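Student: Starting from the given sequences, assemble the full structure and let the hints guide the process.
Protein chains in written order, with UniProt numbering: chain A, 1 to 267; chain B, 1 to 267; chain C, 1 to 267; chain D, 1 to 267.
Just so you know, these hints were derived from the structure itself, not from any lab.
These numbers come from a predicted model, not from an experiment.
Don't take each hint at face value.
Identical chains share a label here; the pair holds if one copy fits it or two copies do between them.
Claimed, not checked - Below are the SDA-like pairs computed for lysine to any residue, each with C-alpha atoms no more than 25 Å apart in a straight line:
(1) K88 <-> R113
(2) K190 <-> S236
(3) K160 <-> P187
(4) K170 <-> Q239
There are 4 protein chains.
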Amino acid sequence: MIETINIMLAGPRGKMGTEALSMIKETEHFNLVGCIDRKHNGNSVQDIDGLPTLDAPIYTDAEEAFDRINADVFIDLTNPDSGYNHTKLALLNHIRPVIGTSGFSEGQLDELRELSTNQQTGIVIAPNFAIGAVLMMRFSQMAAKYFPNVEIIEKHHDQKLDAPSGTAAKTAQLIKEVRGSKRQGHPNEKETLEGARGAEVDGIRIHSVRLPGFIAEQEVIFGQGGQTLTINHHSSNRQSFMSGVKFAVEQVMTIDHFVYGLENLME
Amino acid sequence: MIETINIMLAGPRGKMGTEALSMIKETEHFNLVGCIDRKHNGNSVQDIDGLPTLDAPIYTDAEEAFDRINADVFIDLTNPDSGYNHTKLALLNHIRPVIGTSGFSEGQLDELRELSTNQQTGIVIAPNFAIGAVLMMRFSQMAAKYFPNVEIIEKHHDQKLDAPSGTAAKTAQLIKEVRGSKRQGHPNEKETLEGARGAEVDGIRIHSVRLPGFIAEQEVIFGQGGQTLTINHHSSNRQSFMSGVKFAVEQVMTIDHFVYGLENLME
Amino acid sequence: MIETINIMLAGPRGKMGTEALSMIKETEHFNLVGCIDRKHNGNSVQDIDGLPTLDAPIYTDAEEAFDRINADVFIDLTNPDSGYNHTKLALLNHIRPVIGTSGFSEGQLDELRELSTNQQTGIVIAPNFAIGAVLMMRFSQMAAKYFPNVEIIEKHHDQKLDAPSGTAAKTAQLIKEVRGSKRQGHPNEKETLEGARGAEVDGIRIHSVRLPGFIAEQEVIFGQGGQTLTINHHSSNRQSFMSGVKFAVEQVMTIDHFVYGLENLME
Amino acid sequence: MIETINIMLAGPRGKMGTEALSMIKETEHFNLVGCIDRKHNGNSVQDIDGLPTLDAPIYTDAEEAFDRINADVFIDLTNPDSGYNHTKLALLNHIRPVIGTSGFSEGQLDELRELSTNQQTGIVIAPNFAIGAVLMMRFSQMAAKYFPNVEIIEKHHDQKLDAPSGTAAKTAQLIKEVRGSKRQGHPNEKETLEGARGAEVDGIRIHSVRLPGFIAEQEVIFGQGGQTLTINHHSSNRQSFMSGVKFAVEQVMTIDHFVYGLENLME
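Tutor: So, in structure tokens, the structure goes:
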């Protein structure tokens, strides 16, 4: 029998928050015991339009929430500012935080690491909850040891403003850590049309496709004499993050220290 | 019963030429009646190291060859200069030419068109014999009427010097003929790393991947709300051209005029 | 200037119907003039929860609707039974029908064809409004003339009950019309695990993937010596049908006869 | 400076053997010191038609070869029978074997393991030298922990007799070790055409495509709510095995025990 995990969540009305409530509701051994929200103090989750029918009290005051609620895990899906304060309160109350943000400063991360150590309370901070994307990056780093020649193609809808995507840049950086900088392609190769060979990060080429009809996709292509190895991650909606949140909640129960990035929870 | 087609070929020892001889040998209704080569005058094809066992005379003098050999079709797989002279001789002798080159000038093409008309002799000049590539370009042009947003990714081995490939540039031009110029992507999109969005031809983005392990591949991606349509051509060796040569030989027998490009032989 | 097209729609509250109302609202030269619905007689579309803010009267009685409303085009997104009756009424009133169903019997289709001829009124019946899927099937049929060896892979979410998909079966049938039946693969090939080589339709192999995370995708793969040609259609939501509905509405205005299938509206 | 590794090779005239000689020639710190062949006793490698210009003696008698030649590593690319005898001789002479075969029996493997231990001599036996394929299988096993729903598509030329491929079956087995048996797809799913859902191995579906134009390709597709993760390996020629042979030669120098499978040499 799996033991029930009691969960407190901040940000229930955000897109990610609502998705997380559905996930909690559908997971037999997860139990929602309370929420922190900017509105609706004193209500139950199920009273709020658009939220799943879960009976758990809402608090607008975070300190009061942590005072009154007895939870095992605290999930924060708000923003870096509120998230930082909530996380400190959770650690002080020995409630294990699972935080989805890439917005904490180095200083904040150091502080939370120290607090986690002092409180002997596990914490997981994940800049990316899409397990598939985390695995794609991990496999890419492993493959680069044996396949030093690599290019990245990422495809997104045409409303995305920046190119390349953050995930592509991060993947290139992880690959570089393993194989170093390396000139790829023919030494005399020539772009007859500027930009054809894509952007370059330490020799790794990144190509950004922007078309209506795409949502979010990345493929990392490794080549060597006679063979190619390709790792592709495709994500079609927010649901893709929930298996990562669920995994982090289960894992944070087994640790008493600070972990940054889902990849560091994987064997 | 299919009638036998008697074929004369120039350039038997080139890579394409040797491949073509094998194709002729394996095609029941094709019959090799002679070759033009820079060497080996008076020999038979089968006497030459590395060529298929076909019994047909070799001539080094083109005029003599056209004088002595009675062929239905003349295949030229040499170079634009020799090819041009051979082609004129073929037309003058009412032998239908099948020529694989993109190297003739506009003036030369005009002259050959006129000669074909005067001689009432069919001729096929094909810059690309890979039927799959020709279909890819044709389908792309058709799709662009309904899917104006499109990007091209082409992947080649890393010994290729120029980017983008000629086929990619040609595809973009064919698409442009149908849909005109068009700004794609978000009006405010921004490259945080230069080149990420690829090369641009009339708004169409082209991305060139160069990695060991690839041979030659192109994919044309069309997107619109909720759907994408992708056409991919992959070629792994020279054999891919032979079905196009065979097709051209069969089709040139049915025409008495000038045709440029395999696509104009397709219904 | 493009002339405004006045449109009447049956089934505004269905998933497709609501999507179509949004499309009409966003298309400058489309104008909604009325709806047929099983409920809400006398209301305006904008009064109904969940529908776009369009001011057009709703009728529950179809005859009354066609009596009172003066439309150019009638879109039916209900079901084959209601759809059949509505379509006849539309033709009798010289309103051009655009009907999205594959559910009409041969007899019904014959009757509608005859009525369209007698009334000299254009009509488009489309079993599939996804233009990308229609093009995929069309290109597949064209490619099969030159690439007789072909297999189909279709990928859907794991809630789909039947395998293969209707689109895959239809594609195989269209290919067969062109190339006939043909044994593919090695004559002595052997399945060491039953089913590995997929389902067979006249020699064409179909493979059905069912996994969570997929929505709807099909790829048609053609191979011959040294090359492959692949046509892939991916659809991620209902929006993908709307460009087809829009296209049909614009085209039906230019014809005065019966057309079955969007492909027959394409040049 | 990298120390030179002296290599002895059995089977120089086989396809893999000749490819390996080229690799040795091109690798600066590899040095060929002798070959075992069924013919050409007393000759030098460079005297044999079709072999690279390497000066190293050929022996037809294996015992004599191991007696006379002082090598660091012994590569066997012959067949299981000869290979087994050669390997024992190599271990007895404290020359580290790198053996590419999947054909040894359990009994033979046990014996070689014991001999390696007794002789304190490293040995690598690899059923698959394609590093990309080994990584694909390894990543698949890792991914299956987080993505239990998975299907495999493998694509080969149409001269291949058996379906599914050995690599596909092996991949399925590796995945099963991690996730166990699991019923996939909808409980009520139905094949309207037999075989559409592919072959089944412990719930994992395998689909085998056989078309001219393909060489060898496999893709392992993992899906869960809102995302898919795909690992694809494509191999176009025998050269793809050589980076694996090279890797094994370098690694065997660093070990003094028995290793089965390249994956067990990877960190």
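Student: Next step is simple, just say for each hint if it's right about the structure.
Tutor: The hints, checked one at a time:
1. K88 <-> R113: So K88 and R113 pass the 25 Å test inside one copy only (10 Å; across, 55 Å).
2. K190 <-> S236: Only across copies: K190 and S236 sit 23 Å apart there, 36 Å inside one copy, limit 25 Å.
3. K160 <-> P187: between (33 Å within a copy, 10 Å between copies)
4. K170 <-> Q239: within (22 Å within a copy, 31 Å between copies)
Checked against the numbered hints above, the structure violates none of them.
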